[in-house]
Amino acid sequence: MTSPSRFWEANAGRTFVGRLATGSDLVAEIERYCAEQSVVAAQVTVIGAVRSAAYAYYEQDDHGYLELASTTHHEIVGFVGNVSLRDDRPFLHAHATFADASGATVGGHLLRGCQVFAAEVMIRELADVSLVRAHDEETGLALW
Amino acid sequence: MTSPSRFWEANAGRTFVGRLATGSDLVAEIERYCAEQSVVAAQVTVIGAVRSAAYAYYEQDDHGYLELASTTHHEIVGFVGNVSLRDDRPFLHAHATFADASGATVGGHLLRGCQVFAAEVMIRELADVSLVRAHDEETGLALW
Amino acid sequence: MTSPSRFWEANAGRTFVGRLATGSDLVAEIERYCAEQSVVAAQVTVIGAVRSAAYAYYEQDDHGYLELASTTHHEIVGFVGNVSLRDDRPFLHAHATFADASGATVGGHLLRGCQVFAAEVMIRELADVSLVRAHDEETGLALW
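Residue numbers (the working numbering), protein chains in the order written: chain L, 1 to 144; chain R, 1 to 144; chain G, 1 to 144.
Don't read these hints as lab results, they were simulated from the structure.
These numbers come from a predicted model, not from an experiment.
Where hints are given, some of them may not hold.
What the hints assert, rightly or not - Across the chosen pairs, the derived CB separations fall in these ranges:
no.: 1; chain 1: R; residue 1: Ala69; chain 2: G; residue 2: Asp88; range: 44 to 50 Å
no.: 2; chain 1: L; residue 1: Ala69; chain 2: G; residue 2: His135; range: 28 to 34 Å
no.: 3; chain 1: R; residue 1: Gln37; chain 2: L; residue 2: Thr72; range: 42 to 48 Å
no.: 4; chain 1: L; residue 1: Ala21; chain 2: R; residue 2: Gly23; range: 24 to 30 Å
no.: 5; chain 1: L; residue 1: Gly23; chain 2: G; residue 2: Arg133; range: 17 to 23 Å
Glycine is no exception: its CB is placed at the ideal position from the N, C-alpha and C atoms.
Here chain L stands alone, though its shape is the one from the complex (with noise of 0.2 Å):
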């Protein structure tokens, strides 16, 4: 009953490199920017830090979202996201990996609350290609 791997060729879109605003919301401003600029697949990376990472691990099993926070000030020291379409928006799904004073990571899915202290983010558009997320049996995850 598994879905077969499935892959689409894209052409390459605009690309737009950037700074986020100190204080902004890391997913929700990447997901703003994308949404005025009609952005709706693309692949984006970040390198900067928040003064707080909100992340989360989903449970295969349970189908669900575990949440987990921290408050501690952290450096991006790694990061795979991409931009497809939600609910007809354009949805940031990102992950990340969280270093903090001691060198020290954890990591997970990205959730609103990361809270930018600095961040360089780079979106490369993917055009003539349309990723849509809806709900998967198999995995309850929405994916394209």
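Add chains R and G to chain L, keeping to what the hints say.
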């Protein structure tokens, strides 16, 4: 006796975006798709989660891989990878960071055995460049 | 008094793919190559391993870097980076996650002193955009 740094200029090739089948092998499935599409040089990133992680640490003095593994479900919270030719086939060289239910992270060089729960993959082909792995005496690795 | 988010649209420039010399300095060597090629804005990723890691954590309240280092051999298991101009020269801003023989990870803002064991580098130039670092009062960082 150390080789100097070597750089090549490439052109942008095709861009593929995809989702891997739940239960598939992360590394093998990306290599299979690259072989199917004749992708022999590319930059690869992945966001997602695995049911089990199989990775390794290279012992720089002993020139051997120390294999590590976990059957814990993990989020992929960092990923760097590329495709080149090894033994005439597309070979995925990838390192990843994995996070567990507490947010704690581990990472290393990916081996076969990372079973996909959900994985969104971006493959950016590099055209007009030839990346062929061959044994490097100094490191003991197969490098281009 | 906070600056708003700022974004620029860039065009895709040249793509360079390379391998750094064993024993070279990770950050310095990438900056040297960018200077040689007149790359002044780019997205950079690296996969590989280092003989030693030198990195830092930025104290957001004190506006100073806390330097961390390890002489343990490490795999690079997460990497985000970009090149911009600082003091009229190409400057690599990079954060990375490092894994040791047990898979345990640490990470931070990369400093000079990361000695390369093996490193595969991808440099994607951003054309038609000017990223120039200058002092930012609010964060104490050199931002564009």
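Hint by hint, here is what the structure shows:
no.	hint	verdict
1	R/Ala69 x G/Asp88: 44 to 50 Å	holds (48 Å)
2	L/Ala69 x G/His135: 28 to 34 Å	holds (31 Å)
3	R/Gln37 x L/Thr72: 42 to 48 Å	holds (43 Å)
4	L/Ala21 x R/Gly23: 24 to 30 Å	violated (42 Å)
5	L/Gly23 x G/Arg133: 17 to 23 Å	holds (20 Å)
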